[in-house]
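J.: Using the hints provided, position chain B relative to the given structure of chain A.
Sequences listed follow chains A and B, in order. Residue numbering for the first sequence follows the numbering used here, beginning at 7 and increasing consecutively. Residue numbering for the second sequence follows the numbering used here, beginning at 7 and increasing consecutively.
No lab work stands behind these hints: they were computed from the structure. Yeah, the Cβ is synthetic: ideal placement off N, Cα and C, and Gly gets one too.
Here are some chain A residues the structure puts well away from chain B; computed CB gaps all over 12 angstroms:
hint, residue
1, His82
2, Ala87
3, Ser125
4, Glu149
In silico contact screen, one side only, chain B against chain A (beta carbon under 8 angstroms); selected entries:
hint, residue
5, Ala21
6, Leu55
7, Arg60
8, Phe64
9, Met72
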Amino acid sequence: MSLNDEAEADSFAGFFRSTNRRAYAFALHLTGNGEDAMDIVQEAYLRMHERWTGCAEPGKAAAWLYTIIRNLAVDHLRRRARRGETELEEGIAGPLVAGPEEAAAQSEVSRRLWEAIRSLPPGQREILLLRDWHGLNYAEIAEVLGLSMGTVSSRLHHAREKVREAMEGFLR
Amino acid sequence: MTAERHEEIRRMLSACLDGELTQGEEQRVRVHLEGCAECRQAYEELARLQQMTRSLHFASPPEDRMKELEKSLMVQAPRRLGWLFVLGGLAAWLIYAAVTYVRHWRPPSAEELIASAVGIGFVMLLASVIAERVRQLPHDRYRRIEK
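Just chain A, same shape as in the assembly:
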């Protein structure tokens, strides 16, 4: 079930419950750090809660949440980069899998797939995950990333072709 299907339009509690895991995963893949990801998710939901009036369209609420998380993560990475703790790009490319236990739970094929996704340019990787893992449609992705729908479509096409090439022999 996609994120948008799960989200309940009229209740913040329902929206929170149906989106928090994916929101955390998104923040984690932007920052590469569980503690930072949790802080960002917390701040994002608090900001949404202050302005929540009951969203008629769950997809819009999800795009709103992802936009806040992304902005907070970018600010956070900039601060870290200024302090010399990390390169801005390094944070974006951070690990999605938290630790060895989670990694071991995944099959060889999944690990290979993840390696292929991770080797994509950040702009393509982000779009691929927003579409295929988070379940956002092109319009929502365009809104979150501030891109045109044509750019989203084109980057997604290139990303999928690269991953398909890398996964040759595992897709039949």
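T.: Just chain B now, kept in the frame of chain A:
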């Protein structure tokens, strides 16, 4: 079928998979797929890839912190509610002053105004505490424990 047209269709496969093409474009892709084994295979592989990406397992958020966050979000009385209590208190105070004026044909004294403000403030505070408690009740993890 020209090589350019073939390439054009290949570029549309991804958007077709996501249901992001117009009806006309989708029709063109479907017709092409029926006659082109190479593109059909590419489309099937993209579909499989999407399925596999969907089932990737990512790290879960820390359960305790997420529960704490949910609790704090749900019990946090909206700011508008706080303003309602303030406005309600102010309105009650003005009504008290007006009623006093009508009943005694004189404005309320400073002592009366101070006493009524304290009384109304106390009642509003009590009401906000009760409202907060009522909001917290469904999320109180200790509510089933007998004292």
